[in-house]
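Engineer: Each chain, written out:
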Amino acid sequence: MTTAADAYPPITMARVREIIGFPDQFIAEKKEPHLGEFAMRFIAHSTFFCAATVGADGLMDVGPKGDPPGSVRILDPWTLAIPDRPGNKLADTFENITANPSIGLVFFVPGLREVMRVNGDAFVTDDPELLGMLSADGKPAVLATIVRVREVFGQCGKAIIRAKLWEGDTRGLAEAATLGGDFYTLSIAEQAQKMNNSLGDLVSGTLYDVIDDKYQNELF
Amino acid sequence: MTPNAGTAGKLDVAVRQLRWEADGVVSLDLADPTGKPLPSWEPGAHIDLVLPNGLERQYSLCGPPGERAYYRIGVRRERASRGGSEYVHAFLRPGQRISIKGPRNNFAFHPAKSYVFVAGGIGITPILPMVRAAAARGADWRLYFGGRTSASMPFLDELRGYGDRVRCHSSDTTGRIPLTELERPVEAGAKVYACGPASLLSDLDTAAANWPAEALRLERFKAPQAAPAENKPIEVECAASKKTVSVAADESIVSALEKAGIRPLTSCRSGICGSCETKVLDGVPDHRDGILSASEQAAGDRMFVCVSRARTPRLVLDL
Chain A
1 MTTAADAYPP
11 ITMARVREII
21 GFPDQFIAEK
31 KEPHLGEFAM
41 RFIAHSTFFC
51 AATVGADGLM
61 DVGPKGDPPG
71 SVRILDPWTL
81 AIPDRPGNKL
91 ADTFENITAN
101 PSIGLVFFVP
111 GLREVMRVNG
121 DAFVTDDPEL
131 LGMLSADGKP
141 AVLATIVRVR
151 EVFGQCGKAI
161 IRAKLWEGDT
171 RGLAEAATLG
181 GDFYTLSIAE
191 QAQKMNNSLG
201 DLVSGTLYDV
211 IDDKYQNELF
Chain B
1 MTPNAGTAGK
11 LDVAVRQLRW
21 EADGVVSLDL
31 ADPTGKPLPS
41 WEPGAHIDLV
51 LPNGLERQYS
61 LCGPPGERAY
71 YRIGVRRERA
81 SRGGSEYVHA
91 FLRPGQRISI
101 KGPRNNFAFH
111 PAKSYVFVAG
121 GIGITPILPM
131 VRAAAARGAD
141 WRLYFGGRTS
151 ASMPFLDELR
161 GYGDRVRCHS
171 SDTTGRIPLT
181 ELERPVEAGA
191 KVYACGPASL
201 LSDLDTAAAN
211 WPAEALRLER
221 FKAPQAAPAE
231 NKPIEVECAA
241 SKKTVSVAAD
251 ESIVSALEKA
261 GIRPLTSCRS
271 GICGSCETKV
281 LDGVPDHRDG
291 ILSASEQAAG
301 DRMFVCVSRA
311 RTPRLVLDL
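Sequence order for the protein chains is A and B. Just so you know, we're using UniProt numbering here: the first sequence kicks off at 1 and counts up by one. Just so you know, we're using UniProt numbering here: the second sequence kicks off at 1 and counts up by one.
Hints in this document: simulated from the structure, not taken from any laboratory. Because the structure is a prediction, the values reported are computed rather than measured. A portion of the hints provided could be inaccurate.
[What the hints assert, rightly or not] Not everything, but these chain A residues come out facing chain B in the computed CB check (under 10 angstroms): (1) M40; (2) G66; (3) P69; (4) G70; (5) S71; (6) R73; (7) G132; (8) S135; (9) E167; (10) R171; (11) V210.
Backbone N, C-alpha and C fix where the C-beta goes; we use that ideal spot for every residue, glycine too.
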């Protein structure tokens with residue numbers, strides 16, 4: 001069967017690079033192998049994330065997960081625990097994880113434009129103490145997914161700005177997560193040496209002007 | 001100055017100080033962001049801490065009695081934390097704004113000629129202002145303070161100032177609190193205030209068998225685990241709102257009331273904080289809270305609807 005997709009020939013990565021170019025050094029080097037202080041703080045205030053997993057047949061699946069803030073727990077800088085609540089028992093994510101541990105996560109904090117991404121390997125557990133720690137509304141989690149963190153990185157806020165996603169949110173979670181600072185200051189504070197090397201003079205003042213300019217003038 | 005009024009029973013406060021007190025314990029000083037005095041309180045009072053992650057947790061006020069410029073609480077990090085103490089330890093920072101409810105007092109400190117205080121671990125927090133108040137009144141008192149290790153026992157520096165009225169017992173050095181010393185009846189008119197883990201309080205309850213009734217007052221971390229008695233469905237008549245609500249065997253009175261649109265004030269939902277205290281007009285409550293003493297339970301004129309149920313098929317409440 002021919003579908004609409006067949007009308008478009010795919011291009012190569014080389015052609016993609018011709019069009020979009022290459023990232024700046026600080027972007028290329030932004031991935032960290034573990035959760036830093038600010039990444040933990042970010043996840044501790046997140047109410048919503050999406051999890052991508054791959055099935056035994058190679059089919060990728062991505063699903064939304066919402067919970068009260070802080071429901072995904074940071075067990076140490078290398079480990080997250082994600083609660084599972086009663087659902088439709090289709091269990092695509094569990095089917096996938098038990099066949100292929102790869103997991104990709106993107107965390108959102110209401111009111112914050114930037115997002116935090118975590119990729120790693122996951123497995124499922126029914127440890128009663130952990131399920132208790134992951135309780136919500138007085139009820140333990142049904143299952144827990146433990147993620148061994150392999151890479152952590154923040155991503156800029158253009159998508160959320162374009163979507164106007166958080167307009168009208170009054171919960172104050174952005175303020176609690178950033179302590180009155182902002183995503184970039186906290187990210188830089190966490191990785192000061194690396195950021196200094198890759199950002200140079202931008203760190204000492206003009207970075208915010210550059211970001212404001214990009215957020216205002218380079219969204220589309 | 002008018003006190004901080006907050007909104008909907010909540011007070012907005014800023015974390016003025018976060019201080020390491022002992023292994024696994026920090027103290028927090030919470031103040032009105034604009035410097036207004038906080039509501040007055042008495043020893044034994046607690047507040048509900050409303051954290052940015054939405055959790056509400058109860059902590060005893062442990063600063064100097066009557067201090068209204070700030071409230072001090074002590075928080076132990078629980079190993080299997082459900083997110084309350086972990087948030088305080090890992091994420092709360094000086095300057096951060098949070099909300100509190102209260103103060104409320106389920107552990108009132110009454111005048112007496114002499115006092116015995118018994119505290120286990122972080123259970124020292126409600127006792128600390130009582131110790132200060134007793135010392136200020138010139139009462140005769142002594143404190144037995146126990147902990148797993150001396151390094152994990154908070155506020156020792158403060159307590160050392162009281163000399164040999166304070167007896168510290170840590171399991172790793174001097175052993176546990178010698179409760180046998182307490183088995184002989186305390187003198188008439190003496191009061192015993194105790195707070196600590198369930199095992200300490202139940203041992204103390206046993207040791208107190210020969211004491212005059214009402215000499216012993218306990219503050220628990222958790223409501224005593226009721227024997228898994230099979231819950232029966234009950235009918236709750238709400239006299240003020242003229243509604244009768246059926247409570248199924250597997251739901252609490254408060255959640256059935258909420259479904260029917262009646263919303264009593266609640267916070268801990270585990271029979272500890274006292275927010276949902278409700279007058280009982282008819283019927284016999286089945287008390288499952290950790291607040292009321294045996295005689296208060298027997299009076300049957302008030303109950304905590306988050307955990308308690310009924311011995312009669314029907315309850316009439318002042319709601």
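Engineer: For a quick check of understanding: which of the numbered hints are violated here, in increasing order?
Structural biologist: The structure breaks hints 2, 9, 11; every other hint is satisfied.
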